[in-house]
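Q: Sequence:
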Amino acid sequence: MKRIWNQFKLTMTTYDVELVEMMSGVTALVWGIWLLNPYFDTFYDVQIHHAFALIASEEIWGTVMLALGLLQVEAVISHRLSMRKIWALVMSTFWLMITALVYLSEPRAISSIPYGIFACFMIWSYLRLSQ
1 MKRIWNQFKL TMTTYDVELV EMMSGVTALV WGIWLLNPYF DTFYDVQIHH
51 AFALIASEEI WGTVMLALGL LQVEAVISHR LSMRKIWALV MSTFWLMITA
101 LVYLSEPRAI SSIPYGIFAC FMIWSYLRLS Q
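Take the sequence shown: its position 33, counting from 1, is numbered 33 in the working numbering, and each next residue is one higher.
Keep in mind the hints are simulated off the structure, nothing from the lab.
Among these hints, one or two may not hold up.
When the alpha-carbon atoms are kept at most 20 Å apart in a straight line, the in silico EDC-like pairs for lysine to aspartate or glutamate are as follows [unchecked claim]: (1) K85 / E18; (2) K2 / E18; (3) K85 / D16.
Distance windows between CB atoms, simulated [to be verified]: (4) A67 / K2: 24 to 34 Å; (5) W5 / I60: 22 to 32 Å; (6) A53 / S78: 14 to 24 Å; (7) I117 / F40: 39 to 49 Å; (8) N6 / T63: 20 to 30 Å; (9) A53 / H79: 33 to 43 Å.
Heads up, the beta-carbon is just placed ideally off N, CA and C, and yes, glycines get one too.
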């Protein structure tokens, strides 16, 4: 068990976080495109999205997610460290908010777990980029 823990610590302190940042950005981008699809009425057909609908319309959420995803992907592709740090912080906050909204809408929903993991990885990315 100690060997596994030591390997985990080594991984968390030595590897770059570009893949994590890219995954976060692409996920937000695809999610935004999905919400902007006129053939789906996601917020009103799926119970866990009712809390989202109370805050803003599906089109606004889709536009915000699309923009956040594009900006994070652009920051990673351009290799601008200052922008990557900003977007890692913004996206960690964003994924924490998504996690909370999903959990508050339906505490038994399994989807709050991966969003929470995204938030943790983005916090880790921000900390690694700030070193």
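Q: Work down the list of hints and note, for each, if the structure agrees.
A: Hint check results:
1. This hinted pair checks out: K85 and E18 have alpha carbons roughly 11 Å apart, not beyond 20 Å.
2. A hinted pair counts as satisfied when its Cα atoms are at most 20 Å apart, and K2 with E18 does not qualify at roughly 28 Å.
3. Between K85 and D16 the alpha-carbon distance is near 13 Å, which keeps this suggested pair within the 20 Å criterion.
4. The given range of 24 to 34 Å is broken by A67 and K2, whose C-beta atoms sit roughly 44 Å from each other.
5. At about 43 Å, the CB distance of W5 to I60 disagrees with the hint of 22 to 32 Å.
6. For the hinted restraint 14 to 24 Å between A53 and S78, the CB-CB distance of approximately 34 Å leaves it violated.
7. Roughly 25 Å separates the CB atoms of I117 and F40, a value that falls outside the hinted 39 to 49 Å.
8. For the pair N6 and T63, the beta carbons lie near 45 Å from each other, so the given range of 20 to 30 Å is not met.
9. Roughly 38 Å separates the CB atoms of A53 and H79, a value that falls within the hinted 33 to 43 Å.
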